[in-house]
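> With chain C's structure known, arrange chain H on it following the hints.
Number of protein chains: 2
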Amino acid sequence: MKRLEHRASFGGWQQVWTHASTTLNCPMNLGLYLPPAALAGQACPVLYWLSGLTCTEQNFITKAGAQQFAAQHGLILVAPDTSPRGDGVANDAAYDLGQGAGFYLNATQAPWAPHFRMEDYVVHELPQVVSALLAEQGHQATARRGIFGHSMGGHGALTLALRHPGVYHSVSAFSPIVAPSQVPWGEKAFAAYLGEDRSAWLAHDAVALIANATERLPLLVDQGDADEFLQGQLKPELLQAACQQAGHPLTLRLQPGYDHSYYFIASFMAEHIAHHAAALNA
Amino acid sequence: MKRLEHRASFGGWQQVWTHASTTLNCPMNLGLYLPPAALAGQACPVLYWLSGLTCTEQNFITKAGAQQFAAQHGLILVAPDTSPRGDGVANDAAYDLGQGAGFYLNATQAPWAPHFRMEDYVVHELPQVVSALLAEQGHQATARRGIFGHSMGGHGALTLALRHPGVYHSVSAFSPIVAPSQVPWGEKAFAAYLGEDRSAWLAHDAVALIANATERLPLLVDQGDADEFLQGQLKPELLQAACQQAGHPLTLRLQPGYDHSYYFIASFMAEHIAHHAAALNA
Numbered sequence: 001m002k003r004l005e006h007r008a009s010f011g012g013w014q015q016v017w018t019h020a021s022t023t024l025n026c027p028m029n030l031g032l033y034l035p036p037a038a039l040a041g042q043a044c045p046v047l048y049w050l051s052g053l054t055c056t057e058q059n060f061i062t063k064a065g066a067q068q069f070a071a072q073h074g075l076i077l078v079a080p081d082t083s084p085r086g087d088g089v090a091n092d093a094a095y096d097l098g099q100g101a102g103f104y105l106n107a108t109q110a111p112w113a114p115h116f117r118m119e120d121y122v123v124h125e126l127p128q129v130v131s132a133l134l135a136e137q138g139h140q141a142t143a144r145r146g147i148f149g150h151s152m153g154g155h156g157a158l159t160l161a162l163r164h165p166g167v168y169h170s171v172s173a174f175s176p177i178v179a180p181s182q183v184p185w186g187e188k189a190f191a192a193y194l195g196e197d198r199s200a201w202l203a204h205d206a207v208a209l210i211a212n213a214t215e216r217l218p219l220l221v222d223q224g225d226a227d228e229f230l231q232g233q234l235k236p237e238l239l240q241a242a243c244q245q246a247g248h249p250l251t252l253r254l255q256p257g258y259d260h261s262y263y264f265i266a267s268f269m270a271e272h273i274a275h276h277a278a279a280l281n282a
Numbered sequence: 001m002k003r004l005e006h007r008a009s010f011g012g013w014q015q016v017w018t019h020a021s022t023t024l025n026c027p028m029n030l031g032l033y034l035p036p037a038a039l040a041g042q043a044c045p046v047l048y049w050l051s052g053l054t055c056t057e058q059n060f061i062t063k064a065g066a067q068q069f070a071a072q073h074g075l076i077l078v079a080p081d082t083s084p085r086g087d088g089v090a091n092d093a094a095y096d097l098g099q100g101a102g103f104y105l106n107a108t109q110a111p112w113a114p115h116f117r118m119e120d121y122v123v124h125e126l127p128q129v130v131s132a133l134l135a136e137q138g139h140q141a142t143a144r145r146g147i148f149g150h151s152m153g154g155h156g157a158l159t160l161a162l163r164h165p166g167v168y169h170s171v172s173a174f175s176p177i178v179a180p181s182q183v184p185w186g187e188k189a190f191a192a193y194l195g196e197d198r199s200a201w202l203a204h205d206a207v208a209l210i211a212n213a214t215e216r217l218p219l220l221v222d223q224g225d226a227d228e229f230l231q232g233q234l235k236p237e238l239l240q241a242a243c244q245q246a247g248h249p250l251t252l253r254l255q256p257g258y259d260h261s262y263y264f265i266a267s268f269m270a271e272h273i274a275h276h277a278a279a280l281n282a
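One line per chain: the protein sequences are C and H, in this order. Counting in our numbering, the first sequence runs from 1 upward without gaps. Counting in our numbering, the second sequence runs from 1 upward without gaps.
Honestly, I wouldn't trust all of these hints.
Under the rule of at most 20 Å between Cα atoms (straight-line distance), these lysine to any residue pairs were calculated in the SDA-like manner [unchecked claim]:
1. H:63 <-> C:54
2. C:63 <-> H:62
3. C:63 <-> H:63
4. C:63 <-> H:268
5. C:63 <-> H:16
6. H:63 <-> C:56
7. C:63 <-> H:270
8. H:63 <-> C:270
9. C:63 <-> H:5
10. C:63 <-> H:54
11. C:63 <-> H:8
12. H:63 <-> C:15
13. C:63 <-> H:56
14. H:63 <-> C:5
15. H:63 <-> C:11
16. H:63 <-> C:137
17. C:2 <-> C:191
Here are some of the chain C residues that sit facing chain H, going by a computed Cβ distance under 8 Å [claimed, not checked]:
18. 8
19. 63
20. 65
21. 95
22. 267
Bear in mind the hints are in silico, worked out from the structure with no lab data behind them. Bear in mind the structure is a predicted one, so any value in this text is a computation, not a measurement. Where a beta carbon is used, it is the ideal one built from N, C-alpha and C, also for glycine.
Isolated chain C (complex conformation) (with noise of 0.2 Å):
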């Protein structure tokens, strides 16, 4: 593990470390934000941050602007990287697979298996390697995990925490890509990775875990009305008619005016913070 940045932010400290990756085969860079909290010795929640398609780790952590609330409620932020990436990873020139791509799943099938494991990259290896460089570092976090993100980003902390109860106690998105099964960017990726079979598809769809889901974590989703991919790539309308029938609970904002950005991110992010501090400070 070595760190690459290493800057002062409300107080705090946010870090770009990088790691081999067990899970993914190649190296990997994360985003990791101390408030103040943290370095004054005390144990604070991790928030995890899942970004969208082209994304790295730096996005959210130069542009989300969420340092300000984190270091306001005592969070810990982690935001990797999209996909496993490097000269010996499978790519696609297209933006939308492969690397920057990475869909939080692990892929089953060629060329993808060997390195595209998200899902178990974040779940399993992330928590482990943020543990270790918080205790290197001489600060601690508590068991209670937090998980939101963006478009792709915003699919994978649903799904992730739809598939994975009791691992995550608060889940919140952005502009999601709430069922791939039904939009183009979800199809291309999904029988990429997963191949034809459609109905392997539904374990790694919102829409459709909602349905069976064991657990009824609410949800907290901002969507902006004039994002050019809400009608073709995000279907929010899909997330609240599933929501409804399965008595899921969930809060869905259409923002009026707000675009697919960053800047639709960053001016709801106090609210995404607090909604997670109020779980995760339980």
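Below, chain H alone, put in the same frame as chain C:
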């Protein structure tokens, strides 16, 4: 004038415009943030941000987190590019001279003089462009203006406020180059833009200007004590000494642990915007 971006942000609009600058003889981009108060028909003060070496209009609008506080206080934010640009504009391979390094002055020397007139651009042309952009969209500014910036842009904010008494009603800076005549960045740029006669440099050197200032506009300056350029290029102690000698009001804060990055700027943005709002909304 052409709009390149238009994104909802904290209840207002973050826009990017391009226009043909008659002062600089090239197209120029600028960021324009319209707070909710402006959208509601209220005339708002304009706060100008000047960025540092290598920056464009994008750095501030994507990374400084200023929109949140401009929205709270009802300030319009304007962030121009840091120099003229384009194939027909003189340049240098170094990051600290030529395009991206305009130093907010009017060059008198070849090959820079035809385009490098950032002082005239910021003080005279830009406010007219902003007024036109506001009028075109049905909004309006008050007569009060503030100015702030970072590093080379901190130098710009301090010197333009000191050189144009009465034009700016508030000023602040993050890690400014306070004495360009005495440090390598300034010596290189001033020799190129203004010539080898060092007496001409003092008219663009904040520390030199403080002695004869006819207006004692209070200065707010934040400086990280882990800034990699602190000793070699920034030297805030020279500003402190000049202000003490002249009786010029200065709040200089050395912020422990902070570096030269936008993480530092974002961490103290709330306080800088509040400083400007107190003067501009008075």
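> Confirm or reject each hint.
Hints, one by one, checked against the model:
Simply put, residue 63 of chain H and residue 54 of chain C have alpha-carbon atoms about 18 Å apart, close enough for the 20 Å limit, and the pair holds. Under the criterion of a C-alpha separation no larger than 20 Å, the hint pairing residue 63 of chain C with residue 62 of chain H is consistent with the structure, at around 6 Å. Taking the CA atoms of residue 63 of chain C and residue 63 of chain H, the gap is about 5 Å. The hint holds against a cut of 20 Å. Between residue 63 of chain C and residue 268 of chain H the alpha-carbon distance is near 16 Å, which keeps this suggested pair within the 20 Å criterion.
Straight-line distance between C-alpha atoms of residue 63 of chain C and residue 16 of chain H comes to about 17 Å, which keeps the hinted pair within the 20 Å bound. This hinted pair checks out: residue 63 of chain H and residue 56 of chain C have alpha carbons roughly 16 Å apart, not beyond 20 Å. Among the hinted pairs, residue 63 of chain C with residue 270 of chain H is consistent with the structure: their alpha-carbon atoms are about 16 Å apart, no more than 20 Å. For a cut-off of 20 Å, the pair hint linking residue 63 of chain H to residue 270 of chain C stands: about 16 Å separates their Cα positions.
For the given pair, residue 63 of chain C sits about 16 Å from residue 5 of chain H by alpha-carbon distance, which is consistent with the 20 Å threshold. A distance of roughly 18 Å separates the Cα atoms of residue 63 of chain C and residue 54 of chain H; the hinted pair therefore holds under the 20 Å criterion. For the suggested pair residue 63 of chain C and residue 8 of chain H, the alpha carbons sit about 15 Å apart, so the restraint of at most 20 Å is met. Pair hint residue 63 of chain H plus residue 15 of chain C holds up; C-alpha atoms about 16 Å apart against a cutoff of 20 Å.
As the CA atoms of residue 63 of chain C and residue 56 of chain H are separated by approximately 16 Å, the hinted pair is consistent with the 20 Å bound. Restraint check for residue 63 of chain H and residue 5 of chain C: the C-alpha separation of about 16 Å stays at or below 20 Å, so the hint holds. Straight-line distance between C-alpha atoms of residue 63 of chain H and residue 11 of chain C comes to about 17 Å, which keeps the hinted pair within the 20 Å bound. Among the hinted pairs, residue 63 of chain H with residue 137 of chain C is inconsistent with the structure: their alpha-carbon atoms are about 27 Å apart, more than 20 Å.
Restraint check for residue 2 of chain C and residue 191 of chain C: not satisfied, since their Cα atoms lie roughly 36 Å apart, outside the 20 Å limit. The closest approach between the C-beta of residue 8 of chain C and any C-beta of chain H is roughly 4 Å, which is under the 8 Å cut-off, so the hint is satisfied. Evaluation of the residue 63 of chain C hint against chain H yields a held restraint, the C-beta minimum of about 5 Å falling below 8 Å. Given hint, residue 65 of chain C at the interface with chain H, holds; its Cβ is 5 Å from that chain's nearest Cβ, closer than 8 Å.
Because the smallest distance between the Cβ of residue 95 of chain C and any Cβ of chain H comes to about 19 Å, over 8 Å, the interface hint for this residue is violated. At its closest, the beta carbon of residue 267 of chain C sits 5 Å from a beta carbon of chain H; the interface hint therefore holds under the 8 Å criterion.
Comparing the model with each earlier hint shows violations of hints 16, 17, 21; every other hint is respected.
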